[in-house]
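Q: Read left to right, the sequence shown gives residues 4 to 309 (our numbering).
Treat the hints as calculated values from the structure; they're not laboratory data. Watch out, some of these pointers could steer you wrong.
The calculated label-pair distances, taken between Cβ atoms and stated as ranges, are [said to hold, decoys possible]:
no., residue 1, residue 2, range
1, Phe-120, Ile-284, 40 to 46 Å
2, Ile-284, Val-11, 19 to 25 Å
3, Thr-206, Arg-28, 19 to 25 Å
Below are the DSS-like pairs computed for lysine-lysine, each with C-alpha atoms no more than 27 Å apart in a straight line [to be verified]:
no., residue 1, residue 2
4, Lys-91, Lys-5
5, Lys-156, Lys-91
6, Lys-123, Lys-5
7, Lys-91, Lys-7
8, Lys-127, Lys-5
9, Lys-156, Lys-211
10, Lys-29, Lys-123
11, Lys-29, Lys-205
12, Lys-7, Lys-156
13, Lys-156, Lys-5
14, Lys-211, Lys-91
Keep in mind it's a predicted model, so treat the numbers as computed, not measured. The C-beta atom is built at its ideal place from N, Cα and C for all residues, glycine as well.
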Amino acid sequence: MKQKTASVCIVTAGILWGLIALFVRKLNANGFESMDIVILRSMGAMILMFFGLLFYDRSLFRIRLKDWWCFAGTGILSLTFFNWCYFKTIVLSSLSVASILLYTAPAIVVVLSAFLFHEKLTVKKVVCLLIAFGGCVLVTGVLEEGGSSLPVKSILIGLGAGLGYALYSIFGRYAIERGYSSFTISFYTFLFSTIGTLPLVKTGNIVKRIMNTDTVADLLLIGGLALISTVLPYLLYTLGLTHVENGKASIMASIEPVVATTLGIAVFGETLSALGLLGIILVLGSVVALNCTLYIEETHGIGTRK
Numbered sequence: 004m005k006q007k008t009a010s011v012c013i014v015t016a017g018i019l020w021g022l023i024a025l026f027v028r029k030l031n032a033n034g035f036e037s038m039d040i041v042i043l044r045s046m047g048a049m050i051l052m053f054f055g056l057l058f059y060d061r062s063l064f065r066i067r068l069k070d071w072w073c074f075a076g077t078g079i080l081s082l083t084f085f086n087w088c089y090f091k092t093i094v095l096s097s098l099s100v101a102s103i104l105l106y107t108a109p110a111i112v113v114v115l116s117a118f119l120f121h122e123k124l125t126v127k128k129v130v131c132l133l134i135a136f137g138g139c140v141l142v143t144g145v146l147e148e149g150g151s152s153l154p155v156k157s158i159l160i161g162l163g164a165g166l167g168y169a170l171y172s173i174f175g176r177y178a179i180e181r182g183y184s185s186f187t188i189s190f191y192t193f194l195f196s197t198i199g200t201l202p203l204v205k206t207g208n209i210v211k212r213i214m215n216t217d218t219v220a221d222l223l224l225i226g227g228l229a230l231i232s233t234v235l236p237y238l239l240y241t242l243g244l245t246h247v248e249n250g251k252a253s254i255m256a257s258i259e260p261v262v263a264t265t266l267g268i269a270v271f272g273e274t275l276s277a278l279g280l281l282g283i284i285l286v287l288g289s290v291v292a293l294n295c296t297l298y299i300e301e302t303h304g305i306g307t308r309k
């Protein structure tokens, strides 16, 4: 896979992640709580991946027991941990504050990847990172809230969400370097995430809610959440990681809040301020700049992952 194709996969993943509100808001309106949706998302994705691999290629289920920590990292330390921290931050502060703390993830990825995988901390990467982060700040509208002070607990848990979000790229890279495909990594990510989330929810309440609502409609929503905003983006993002550095990939995926904001305007009737529009332009600009850099590197035969 060429780098520009890999970058398309990563940007597409960010777009699909940005569509998650379509399913989450409807499920929430139907009585499902935040952590209920997290377990339904992981379990639904795991089931879809299981049957997909069962018919596509059963050999993709095979992993070496000594590598279990890679998938525990992507599933529990990343997916489960960041979801718990993210929803907890929303409760303690606000959605905009939680979002901006979550999007410290690209910076965390860039720093950790420089130490763990010796990725170059170039000026272009740092500039794109700062532009993307600044754009996310503007998109969330956090600067328009009056700059009220936050409890230290909220900040720490919010940063925990960013750390958990970043860890997918880190542990995913370790799994890729051990020869696992994006299909295998994604399936075991969802499996471990399901295992890690089960103690945090009351499964009896989830079953009761499904039985007391329009079951067909809820199942379609859960299926859409699992396939469109979970299985496909994780597959595409992991596939893209095989040819794009962690830091660049994480910055490209920051298009997610732009898509979420656009969706809020088009579907949910939300408004966008001038600063929010500027934020969208900044994020898109950083993504375009990174893709141009990748194209130049590929054209000149430099910076390509083996």
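Q: Of the numbered hints stated earlier in the document, which are not met by this structure?
A: As far as the earlier hints go, 1, 4, 7, 9, 10, 12 and 13 are violated by this structure, in ascending order.
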